[in-house]
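Trainee: Let the hints inform the model, and build the full structure from the sequences given.
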Amino acid sequence: MSELGLTSSSTLERVIRVPSVERRPQFADEVQLRRALDHLSGVDAVGVAHRVGKLATRSLKTSTKMRAIDVALSMIDLTTLEGADTPGRVASLCAKARRPDPEDPTTPAAAAVCVYPDLVEDARRHLVGSGVAVASVATAFPSGRAPLAVKLADVAAAVEAGADEIDMVIDRGAFLSGRVGQVFDDIVAVKAACRDAHLKVILETGELVTLDNVKRASWLAMWAGADFIKTSTGKVSVNATPTVGLVMLEAVRDFAEETGALVGVKMAGGIRTTKDALRYLVLVNETVGGRWLSPDLFRFGASSLMNDLLAQRRKQQIGAYVRPERFSGD
Amino acid sequence: MSDSFLTSPLGALEYAPAPESASLARLRDSYGLFIDGSFTEPHSVSDTVNPATGERLALYTRASSEDVDAAVRSARRAYEMVWRDMPGSERAKYLYRIARLIQERSRELAVVETLDNGKPIRETRDVDIPLAAAHFFYYAGWADKLGYAGFGPAPRPLGVAGQVIPWNFPLLMAAWKLAPALAAGNTCVLKPAETTPLSALVLADILRQAELPPGVVNIVTGDGVTGADLVSHPGVDKIAFTGSTEVGRIIQRVAARAGRHLTLELGGKGANIVFEDAPLDEVIEGIIDGIFFNQGHVCCAGSRLLVEESMADEVLRRLRRRMDQLRVGDPLDKNTDVGAINSAAQLAKITELTEAGEREGAERYSASCVLPDRGYWFAPTVFSNVSQTHRIAREEIFGPVLSVLTFRTPDEAVAKANNTPYGLACGVWSEKGSRTLWVAERLKAGVVWANTYNQFDPTSPFGGVRESGFGREGGRQGLEAYLDV
Chain X
-12 MSELGLTSSS
-2 TLERVIRVPS
8 VERRPQFADE
18 VQLRRALDHL
28 SGVDAVGVAH
38 RVGKLATRSL
48 KTSTKMRAID
58 VALSMIDLTT
68 LEGADTPGRV
78 ASLCAKARRP
88 DPEDPTTPAA
98 AAVCVYPDLV
108 EDARRHLVGS
118 GVAVASVATA
128 FPSGRAPLAV
138 KLADVAAAVE
148 AGADEIDMVI
158 DRGAFLSGRV
168 GQVFDDIVAV
178 KAACRDAHLK
188 VILETGELVT
198 LDNVKRASWL
208 AMWAGADFIK
218 TSTGKVSVNA
228 TPTVGLVMLE
238 AVRDFAEETG
248 ALVGVKMAGG
258 IRTTKDALRY
268 LVLVNETVGG
278 RWLSPDLFRF
288 GASSLMNDLL
298 AQRRKQQIGA
308 YVRPERFSGD
Chain L
594 MSDSFLTSPL
604 GALEYAPAPE
614 SASLARLRDS
624 YGLFIDGSFT
634 EPHSVSDTVN
644 PATGERLALY
654 TRASSEDVDA
664 AVRSARRAYE
674 MVWRDMPGSE
684 RAKYLYRIAR
694 LIQERSRELA
704 VVETLDNGKP
714 IRETRDVDIP
724 LAAAHFFYYA
734 GWADKLGYAG
744 FGPAPRPLGV
754 AGQVIPWNFP
764 LLMAAWKLAP
774 ALAAGNTCVL
784 KPAETTPLSA
794 LVLADILRQA
804 ELPPGVVNIV
814 TGDGVTGADL
824 VSHPGVDKIA
834 FTGSTEVGRI
844 IQRVAARAGR
854 HLTLELGGKG
864 ANIVFEDAPL
874 DEVIEGIIDG
884 IFFNQGHVCC
894 AGSRLLVEES
904 MADEVLRRLR
914 RRMDQLRVGD
924 PLDKNTDVGA
934 INSAAQLAKI
944 TELTEAGERE
954 GAERYSASCV
964 LPDRGYWFAP
974 TVFSNVSQTH
984 RIAREEIFGP
994 VLSVLTFRTP
1004 DEAVAKANNT
1014 PYGLACGVWS
1024 EKGSRTLWVA
1034 ERLKAGVVWA
1044 NTYNQFDPTS
1054 PFGGVRESGF
1064 GREGGRQGLE
1074 AYLDV
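For the record, the sequence lines run as chains X and L.
In terms of our numbering, the first sequence opens at residue -12 and continues consecutively.
In terms of our numbering, the second sequence opens at residue 594 and continues consecutively.
Treat the hints with care, since some could be wrong.
Unchecked claim - Straight-line C-alpha distance at most 27 angstroms; calculated DSSO-like pairs for lysine-lysine: (1) X:Lys262 x L:Lys942; (2) X:Lys302 x L:Lys942; (3) L:Lys1009 x L:Lys942; (4) X:Lys48 x L:Lys927; (5) X:Lys302 x X:Lys52; (6) X:Lys41 x X:Lys262; (7) X:Lys41 x L:Lys927; (8) L:Lys1037 x L:Lys1009; (9) L:Lys927 x X:Lys52.
Since the hints were derived computationally from the structure, they do not count as laboratory data.
Because the structure is a prediction, the values reported are computed rather than measured.
Mentor: Below is the structure:
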């Protein structure tokens, strides 16, 4: 990744101090877990919005903008999650993920292609040897309203078919009614079913609504073994927002300092423009520092974002905008 | 178990320079005074410098006693002939026009302010200039509704107001002074600070552009001598001063002798009180905003952090980390968080007080930023293990220097917060509303912020108690300072 040419920083890098031994806490029962959640400090929504507003004014110019665009491209989980998905569509998406801009081989590939479990095998076939991972949503995505056995079977099938990453949804109903132990146990069970696959836990922040809930759900998921925490399914009216992103980034930062475990963050849904993506990278940069500016710890779940990044990338290179049709649809 | 800093294989994203263009300021070589609707020929000029580089920006005129006299006479004429008897709805039209022109020329004003003051362009662009326009808009709305402001059915203006303003928010302080005075029907002679005269002179050009009748506002630049001439002039009916408590005392003596109306907005040593249950991440940002906003050149700065002892270590650790992330440097760069100290004299004062802090045994931590090698700079600094007797806990530093003290109970927090001769502003941080209100009721301060700090709005009255002064600016209450009530 060093070809992205990011320089090291004396200050922004020294954001996080982690224990050298990784240790996630154990909980004997739901009461202990709830106490731990209650112990988290509150979140002041006005303050978060203020901070996000200030960071939104950061100005990324010239070489910084070019680097940031490339970093953003390398973080994309190119996603198709429609009832009408077909093997053909998945094939074209995979081709796009491997070589986003065929005219410019220096363009970074996407991080992963994200599909439904029944299309994992197709995606796997098209991505062999590319370095692009196959991610699959599972656990009765997007509502999560299915018996645990069904969810686990869903996960097992996706892993069996070759998924490198599993995007699960939490049971929001259980979380909102206070059954946090059940949410925890579900995640632990899914994590076990993932075997070697990485687990992204979707909080569906648009349904949790408050930032206090977002923070509590983030910690809950991390305690239960999440490799990534992810904002949204993209299937409800409110998806990723910068305020939610800030709260989740602060959570992974504090979690790393407390346990030594590095958990990634995935912003999903509604991120369409380069401007949006760069604002998230600024949040990452100034909250958790450079270690998270990498696809192994930060992702965008998006589809139309890629072409906007490509157009802006070309603009940086030739100084003029090109027609959007220059870049392939997916 | 040993800890280690987490470093990135990629490194952090360093921001390339993103400077706003200095040429937007369109500065002239030299400036005269704005008297009776036009600029005079420059004379007795002094330099005004860019504190970020030490380079001269322009020459401005040091107004003589005769100049001040001419300005006050012009204001008197305008008061009696035009402004006093003009219908409020007509005065409002001028104020609205001024507000709109400030918005139209906001980029120019932001650059001028940043060049002359040293504060970051992000702050002039997002705070100083928009708020200045907002004050004119707000008081324009009052001009024809004075009878409904709670000061009687037809409150009368005071006459000619002599207004002396500081260098920390040059244009914004001009707006705070001029807007309510003009709305109420007074005319004005404004004296900007000697190190920051330029934005007021651009404002003078805006007043001309707005076709404000000659003499309604006069702007006389100069140093303390000019200020003294203005406040002691027999033709002035009302004195409004924002600045140091020391100068405020002198002005109060002058005003008392002459029986003038007076409002003073003076120094402060604001306490930012953090309880254990406060929202931690937002607290850190609030502390940063409270003390490092505008390089700490803020009379209401949260310069004393009172933190509940049980969480003091955690707050300090996070605060130091956050301070290391502050981007200190070129004020014109859009990504700069902390700019230059306004003058060599102010830098000397900050340096002297911080050295006293070290001598008295407080523990100093300064941000690990690289300071430019010319101009006036001071790294964001926090002192811990500060006790009530230390000078840095008692005297106003007016710079990017925070003193941290601890408390054990709400009573102790209130006692320590009030243990200062000042009384301008405080902050209270807690998730428990009842406690916030309990504390706020007992604080001797004109302004109390809850779970935020340094928030300003034209609808909200601002001002101090005790040695922080008297009178309010902003809101309906701000009209009282310019009405005969």
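Trainee: Of all the hints given earlier, name the ones this structure violates by number, lowest first.
Mentor: 1, 2
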